[in-house]
Each structure stands twice: as structure tokens, then as C-alpha cells.
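Participant: Letter by letter, the chains look like this.
Protein chains: 2
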Amino acid sequence: MKLQHGTPSDIENASMQIIAQELAASSIRIHKENAAVVRRVIHATADFDYAFNLRFSDGAVLCGMKALMAHTPIITDTNMALAGISKPALGKLRCEAHCFMADSDIAASARANGTTRAAAAMEYAAANYPGAIYSIGNAPTALFKLADQIGAGLRPALVIAVPVGFVNVVEGKERIWRVCLSCGVPIIAAMGRKGGSTVAAAIANALLYAASEMQDPAARGWN
Amino acid sequence: MKLQHGTPSDIENASMQIIAQELAASSIRIHKENAAVVRRVIHATADFDYAFNLRFSDGAVLCGMKALMAHTPIITDTNMALAGISKPALGKLRCEAHCFMADSDIAASARANGTTRAAAAMEYAAANYPGAIYSIGNAPTALFKLADQIGAGLRPALVIAVPVGFVNVVEGKERIWRVCLSCGVPIIAAMGRKGGSTVAAAIANALLYAASEMQDPAARGWN
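Chains as they are written, first to last, in the working numbering: chain E, 13 to 235; chain X, 13 to 235.
Quick caveat, the hints were computed from the structure, so don't treat them as lab data. A virtual CB, placed ideally from N, CA and C, is assigned to each residue, including glycine. Don't take every hint at face value.
In silico contact screen, one side only, chain X against chain E (beta carbon under 7 Å); selected entries [said to hold, decoys possible]:
(1) 23
(2) 58
(3) 81
(4) 101
(5) 183
Here chain X is said to cover these stretches of chain E; the calculated rule only asks that three of the stretch's residues, wherever they fall, bring their Cβ under 8 Å from a Cβ of chain X [what the hints assert, rightly or not]:
(6) 22-31
(7) 46-58
(8) 88-95
(9) 168-179
(10) 202-210
Please construct the entire structure, taking both the sequences and the accompanying hints into account.
Facilitator: Following this line, the structure appears as C-alpha cells:
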């Protein structure tokens, strides 16, 4: 589709309309509560597979929105996902996002404990931000560590489990899905191989936009 | 696939082997020179569509590698792509990467000229880094601006044209592909709707790793 003289916001609205139309024309049926997240992930990837791959525990989207309205921080496992989360949307809800992967303390702790930086970063985050939203788009080791922590009593507001990859990724997402369900922790996961920092950021942004809109219905976006 | 006790580097090697095997088992034939880029994009997305979508002008990969060995800077259109480019690999080749999108001067110039920040950032980059590698993963307006600049005489070392989206994106990629070909500017593009900051960073990283390896064959990675 070609749009002459469109602003970025015109382009985004037109894109979301195309996505909604193509989803409606297909046989895919998406729960109303989850539609904004699915649309935003497809917007970020142009990949309609996510209409099938994304799995939501009951009420996960609403839990995420409520947590953001209560200024819950978001923890990511990559600086790339952190860079992709909308700073104006975070500011509007007085939320913060953090990634500890590149901290020198984390690298030292990973070396000392013979673990990955991603796992060490999760350990640090679990100790310091136990009720945060965890948005994991890259490291399966972060998922395994988070699953262990949840098994041991950690209760994040929401887990976004969307690493991409070919090794340990499918297993990591299935493990954290089961652990979250059995412990009552809300979870949004991209089952299978696909995912990534783009997907982790897109899901966080969809929740931020929906929470902003719930707080201020005049600021209607594509949610 | 499950790998016990794998380091991130073991996991990456095993992933690249799986990708190479699945490509070999398919009917897809990829030019040897382009294989490392295709594999790394699939590694970053788990999406084998890129084996079809990625299009390379003749010698584009080698041009990119040579430019990086000559310390050519990389310009991105998002901080997300910038965050995804390997800092150790940049450092090894004494290259730099820049994104001007978030600069306050750029926002002011976009407002003053009634254009987008992406287009204003490209204008600034073209004036200050005319021979750079341009890696565009998000904004079709950046592609249109870059195509205009190339038409007017700009000669980047390489254009990586991989925005994702539903509006103006297919058109933008086709336009810059034609302009680059007619002006003799090397280009790697993801034709169609798919792409994104992840893809822009993955292509830049594949070139950085290949250039590092050419410079120092002992540092063999998956290229």
C-alpha cells in the first residue's frame, strides 16, 4: 500500500487497519482482550504466524495493563528490547524499563558463578525487582533462570517469554509456560522458534499503549 | 533442540548448524557469498522466508566487508538497530555506528521542514557521513530520502534496506533497489513486507563478523 504524504502516525493507523482486515479475512479468531498485542507484534514483524504462536494465560493482558498503571517496572534481557520500548509511553505511565545485561557487576557475577550474563542479570533482577514485568526476547538461559526463581517463590506481575532461536528456546518457553501456569503467574509467550527483541518490545509497547488509553480514554491509539 | 550446559557460543554454533542443515535440505539455493548474511538473519528471526526475501546486488557482501575493514561507519535509522549491532565486533574493526533519530537537532529540523525525524536524520547523515554504510530497518521515509540523495549524487559504501511494514515499505524498498542498481551503489534489501531493526542489525553483524574473520582468519566464527 502507498500512502502519499503520510505522517508516521497516519502510516501506523493505516498499517493497523490492514492487519485487522487481513486477520478478519482469515480463519484466525483472536480473543478480544489479546487482539491489540497480536496486532502490534504483527505490525513489528509483518509475520502473521504470531496470530498462532502467541499464547496468553487467562487475564494476562489485563494483569500487564494494571501493573503498568501501578508504575511497575519492566525488565528486559537485551539492550535492544530496552531500546525498542517507547520512552514517551513509559513516561506517561511513570514506569521505568531496565536491562542489566551490560552491567560490569553482572558480567563479573556470571564469570564467578560459571553462568551466562543473561542468567546473572535475571538473578539480580529477581532480587531487586521481584514484582516487575519480565520481558525476555533473547536468552533461553534467562527463561530457565526465571522459571527456577518462580518455582522458588518469585512472583512477577507478568512474564513475556519470547526468545527466538533453534537451541533450548522451544524447551525454555514450554518450561516457563508450565511453571507460570502452575504458580498463577500471568504469562504471554511466543511458542515455537520465533520471537526476539522486536517481539519483546512490541508486546511491552502494546500493553503500555493500552494502559495509557485506559487511564486517559481521550488518548486513543490503535489498541 | 535441547543442549545441556551450552555456553551462548555453543548455542550459536549449534543454531547455525541447524539453519545450514535445514537450508541444505530445502530446495533453496543461496549464493555462497551471501550465505552468512542469510543464515544470520534467519538466526535472528527463525524465519526461513528471508532465504527468499533477501536480495543482494552483485558483490554487495564483499563491498560491505571491505568498507568495514576500512573503518567505514554504520548509520542506522533506529536506536534499536544501533543497540543490536555488536560493539565488540565494531571495536575489533575500529568502526563506529551512529543513529541520529533521537537527537534534538534532528527533531527540530524535521519540525522546521515538515518532514519526519527519519528523513531529517538521513539528510544529516548524508551531509556528514556520505560514504557510510546505511542500515535502515524501520522508516520507509528514510529509504525515500536516501533514494533521493543517491539520485542526487550520494554514494554510500552499502545500503541495507530492510524496513518492516504494510504502508510505503514495499514501495520504498523497490524504489531504493532500482536507484542503487542504476547508480552502482551496493545494496542488500529484504523485499516485501518483512524486515525490521533485528534484521538491520543482523545483516550489519554478519558483515562485521565476516570482515573480522577475513582480517584475522584465526578468529573463525559462523560466517
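Participant: Indicate, hint by hint, whether the structure satisfies it.
Facilitator: Cross-check of the supplied hints:
Interface hint at residue 23 (chain X): satisfied, since its Cβ lies 5 Å from the closest Cβ of chain E, which is below the 7 Å cut-off. Of the supplied interface hints, the one on residue 58 (chain X) holds, with its beta-carbon coming within about 4 Å of a beta-carbon of chain E, less than 7 Å. A cut of 7 Å between beta carbons decides the hint on residue 81 (chain X): the least distance to chain E is about 25 Å, and the hint is violated. Interface hint at residue 101 (chain X): violated, since its Cβ lies 15 Å from the closest Cβ of chain E, which is beyond the 7 Å cut-off.
Look at residue 183 (chain X): its Cβ gets to within about 5 Å of chain E, closer than 7 Å, so that hint holds up. Figure legend: the region 22-31 of chain E, annotated as covered by chain X; annotation consistent (5 residues with Cβ-Cβ distances under 8 Å, at least 3 required). With a cut-off of 8 Å between beta carbons, the region 46-58 of chain E has 4 residues touching chain X; three or more are needed, and the interface restraint holds. Here's how the region 88-95 of chain E fares: 5 of its residues keep a CB closer than 8 Å to some CB of chain X, so the rule of at least three is met and the hint holds.
For the region 168-179 of chain E, the proposed coverage by chain X is satisfied: 4 residues have a C-beta within less than 8 Å of a C-beta in that chain, meeting the threshold of three. By the rule of at least three residues with a Cβ nearer than 8 Å to a Cβ of chain X, the coverage given for the region 202-210 of chain E holds, with 7 such residues.
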